[in-house]
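Peer 1: Residue numbers for the sequence shown follow this note's numbering, beginning at -15 and rising by one.
Do not rely on the hints blindly, as some may be mistaken.
Unchecked claim - What follows is a list of derived Cβ distance ranges for each label pair: (1) K(-14) <-> F44: 39 to 47 angstroms; (2) P289 <-> L165: 46 to 54 angstroms; (3) A88 <-> A351: 33 to 41 angstroms; (4) A31 <-> G116: 45 to 53 angstroms; (5) L217 <-> I64: 31 to 39 angstroms; (6) P172 <-> L203: 29 to 37 angstroms; (7) A193 <-> F44: 20 to 28 angstroms; (8) E323 <-> L151: 42 to 50 angstroms.
The set of hints was computed from the structure by calculation and includes no laboratory data.
Even glycine gets a Cβ: it sits at the ideal position worked out from N, Cα and C.
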Amino acid sequence: MKHLWQQTRSFPPAARLLMANQFAINLAFYMLMPYLAAHLAGTLGLAAWAVGLVLGVRNFSQQGMFLIGGTLADRVGYKIPIMAGCLLRTVGFGLLGWVDDLPALIAASAATGFAGALFNPAVRAYLAVEAGPRRVDAFATFNVYYQAGMLAGPLVGLALLTADFRLVCTVAATVFAALTLLQWRALPRRSGTAPATRERVLTQWRAVASNRPFLLFSLAMIGSYVLTFQVYLALPLAASDALGARGTLVTSGLFVVSAAVTVVGQLRLTGWAKARWSPSQALVRGLAAMGLAFLPLAFASSGLPVAVLAALVAAVVLLAAGSAVVYPFEMDTVVTLSEGRLVATHYGLYNTVSGLGVTVGNLVTGALWDFAARHDARWLTWSALAATGLACATALAALARGGHLAPDRRPQPAPA
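Could you build all of it, start to finish, from the sequences and the hints given here?
Peer 2: Structure, rendered in structure tokens:
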């Protein structure tokens, strides 16, 4: 904690505020969202298709609107979308607890999703501007706060849920209302190095879409998001298959382990990687580690429950560690490939591409899981996920060799 505090204090005040802001955003979001489906199906008695519709609208309105949010941030500055997103989440989360008809729930869900599309690209672009040449360190520190919010949110939500789900929503909405006020009073106005207020929106999009190295990098990184999402899909399925009723408890434990690895190890892993590898090497090796994380499950998938449990823990630890290595260099590479122009729009398109990739990847993973179950070949799913990570690492290595990524800057030994 002392190292985290010292690292945080080394950044400008606006960057520190953005980090605290992200912790609170995730705290409020994850105190509510893990329990929303149970509320919709249980308390409100909605049919399964309606629950899926409400949750799907939230995901689509966020992933599908990232480009809009990034474009707005580049046109009007970063502060306004951040404030607007927090205010919209205040309204959306408040409604989720106090309305019970499907149209109102869909509207509330869409509002919460679009809120994320507004502030996510703006926050990352703002942090990149504030951090300057220390972007990698800034994004590493930012990720610690991000994961800490994910770790604390469900625990706070569970405690509040003992009273009432409405209390959970009210507290979450209150957090976002406080964040809105805080951004208004304390966050300085800031825009990118090349404001786009005089450009047409289509001109902005055309400029980003014609950035071939950026598009190639975005496509190559899709696999990392597909692999990370397996904490929500394939790993819980494996826990349920092997451990039955205890699988739910194990899944909760896996979430805690994943977040804890990042919170405890992010700064150390980033410092270690910076000292030994170039940015492209860190990306390639981190992605390879994420793919290799699934191999223990390929060997233990038909073994004893204790072997599956050990493989699940090993997979989560290695997946989280690999992701922690990748994340700050990934965020830095997006800024580098944008050449400091339309940074938020680049982040918006990057998130949209990765979101669409995760949707397709989850469909393929689910279909492969069912196929493997019918043929008693669980190893097939884990091997395919491992191959996905290695294929993405190979693609990134090829991009680096072809000069499509930032030039390598190997650490130089200090003079004697």
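Peer 1: Does each hint hold? Answer for all of them.
Peer 2: Going down the list of hints, with the structure as the test:
Checked against the given bound of 39 to 47 angstroms, the beta carbons of K(-14) and F44, roughly 42 angstroms apart, stay inside it. Between P289 and L165 the Cβ separation comes to about 50 angstroms, which falls inside the hinted range of 46 to 54 angstroms. For the pair A88 and A351, the beta carbons lie near 34 angstroms from each other, so the given range of 33 to 41 angstroms is met. For the hinted restraint 45 to 53 angstroms between A31 and G116, the CB-CB distance of approximately 52 angstroms keeps it satisfied.
Checked against the given bound of 31 to 39 angstroms, the beta carbons of L217 and I64, roughly 35 angstroms apart, stay inside it. At about 35 angstroms, the beta-carbon gap between P172 and L203 stays in the expected band of 29 to 37 angstroms. At about 21 angstroms, the CB distance of A193 to F44 agrees with the hint of 20 to 28 angstroms. At roughly 48 angstroms, the beta carbons of E323 and L151 sit within the given window of 42 to 50 angstroms.
In terms of the numbered hints stated before, the structure departs from none.
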